[in-house]
Structures are given as C-alpha cells and as structure tokens.
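J.: Numbering (this note's numbering), first residue to last: 9 to 231.
Watch out, some of these pointers could steer you wrong.
Computed spacing ranges between beta-carbons, pair by pair [as the list claims (entries may be wrong)]:
1) Thr142 with Gly165: 17 to 27 Å
2) Asp103 with Pro213: 16 to 26 Å
3) Ser108 with Pro143: 18 to 28 Å
4) Val102 with Gln126: 31 to 41 Å
5) Asp103 with Phe162: 33 to 43 Å
Everything labelled a hint here was simulated from the structure, so no lab data went into it. Since we're looking at a predicted model, the values are computed, not measured. No residue lacks a Cβ here, since even glycine has one placed at the ideal position from N, Cα and C.
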Amino acid sequence: MGLRSRGTSPPQMLEIASIFLFKNQFSYLFMASRTIPCPLSSAVNFSSKSHITSKPLSCVTFGALNKSRPRISVSIRAMGSSASSPKPDRASKVDYSSVSDEEWRKQLTKEQFNITRQKGTERAFTGEYWNTKTPGTYHCICCDTPLFESSTKFDSGTGWPSYYQPVGNNVKSKMDLSIIFMPRQEVLCAACDAHLGHVFDDGPPPTGKRYCINSAALKLKPK
Numbered sequence: 009m010g011l012r013s014r015g016t017s018p019p020q021m022l023e024i025a026s027i028f029l030f031k032n033q034f035s036y037l038f039m040a041s042r043t044i045p046c047p048l049s050s051a052v053n054f055s056s057k058s059h060i061t062s063k064p065l066s067c068v069t070f071g072a073l074n075k076s077r078p079r080i081s082v083s084i085r086a087m088g089s090s091a092s093s094p095k096p097d098r099a100s101k102v103d104y105s106s107v108s109d110e111e112w113r114k115q116l117t118k119e120q121f122n123i124t125r126q127k128g129t130e131r132a133f134t135g136e137y138w139n140t141k142t143p144g145t146y147h148c149i150c151c152d153t154p155l156f157e158s159s160t161k162f163d164s165g166t167g168w169p170s171y172y173q174p175v176g177n178n179v180k181s182k183m184d185l186s187i188i189f190m191p192r193q194e195v196l197c198a199a200c201d202a203h204l205g206h207v208f209d210d211g212p213p214p215t216g217k218r219y220c221i222n223s224a225a226l227k228l229k230p231k
C-alpha cells in the first residue's frame, strides 16, 4: 500500500509478503487445532503438506503440530484394556455379570456386600483372618473361586490379611483413582468382579507384591 513511498525495494517487498503469508497460514493451523472436535478413537494425520485430515476429531492440540514430537494414537479399546483380564483358572459356569445387587444382598452379610460389591474396607485388625495361620485355601466369599493359598500369607503389620501371590489367574487388578493424589491398584476376583482389596509393591520375595485383602471378602477352607 505505501511501501513504495517509504523506499522499500522489490526484494524487500517480496520478503515481507512471504512472511505475511506464512503468518496467516500458521495462524490458520493454530486456530484449526483449537476448534476441531474429535473422539479419542480417531487418529489425526498431518501430512508433509500440513494438511489436516480427520474423521470426527476430538482433541487436536497445538503440540500435535510440532513434528519433533512423537505422534500418539489413542483408541477407546486401548483405554479399556485395563478392564480386560485373563480368564480365571477355575472355569465358572455362572455369568456373574447378570447377578443383581439384590441377589448379592440375599447371599451376603451386610459387611460382605459393602466390601465386595460396593468397594468398602473393613477396619484394620478387626477382620476374621488378619492373624490366622491355619493352613488352607482362601476362596472368594461371593463365588467360591480359590484366590490365595495360606502358604503365600505373611504378616505385613497392617492389620489386614496379606499375601505375596494369588492362585493362578483367579485375581485381577485395575487402577483405582478413588482417592485424590493416591493412585492404587484395586484387586478383584477374576470370576465375579468382587472387590477384594489392593496390591502394593512392598511385599516380600519372590514377587515383591503385597496383596492387602479384606477378610470379609474371603472364606478359608482348611486343609
């Protein structure tokens, strides 16, 4: 517009125009990255020509435009992988996912239901098995699946029954974020999803694990 009157040479004008166009294109990409909606399962593809392709997108951020950062594709299936678990060693003929809370209430005591079906916790040093040394197998109070052997039980000093290893794949774990700033690994029965307790990495050899379990979730069958 008034570049000539200010003594700007043609090469300088070309350089200024190039910078102006680059800034406009960069601003367009930045705005697009902040406004494109997308589900976690879609992948965002940035080609060499900086063209953005998307199916319904969910969370493209400015950082995704930085080619020096690795591209991460997140899917809902991958996020739910922690919920999947190996099948229990003892095959169950019952589909426990169809058992209602009302049916569990009829089978369990109030404390057993609160702990196994509502993820409660019994007070330390009050459970039936916290100090038991009787040889035998500890079964799930809900579905009778064998969970822990007495030979793997040890005194953790916590006031809850503690084991360093479960029976086969009859126990599973998943992340528990119910307490803010204190992520834990919840322990459940692999057959019926009964809440058992939590597992920590401060146990004895050979596993280094401490399965801290509620007595009310267990039933000891002596040998």
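J.: Each hint: holds or not?
T.: A quick look at each hint next to the structure:
no. : hint                           : in the structure
1   : Thr142 with Gly165: 17 to 27 Å : holds, 20 Å
2   : Asp103 with Pro213: 16 to 26 Å : violated, 38 Å
3   : Ser108 with Pro143: 18 to 28 Å : violated, 36 Å
4   : Val102 with Gln126: 31 to 41 Å : violated, 20 Å
5   : Asp103 with Phe162: 33 to 43 Å : holds, 35 Å
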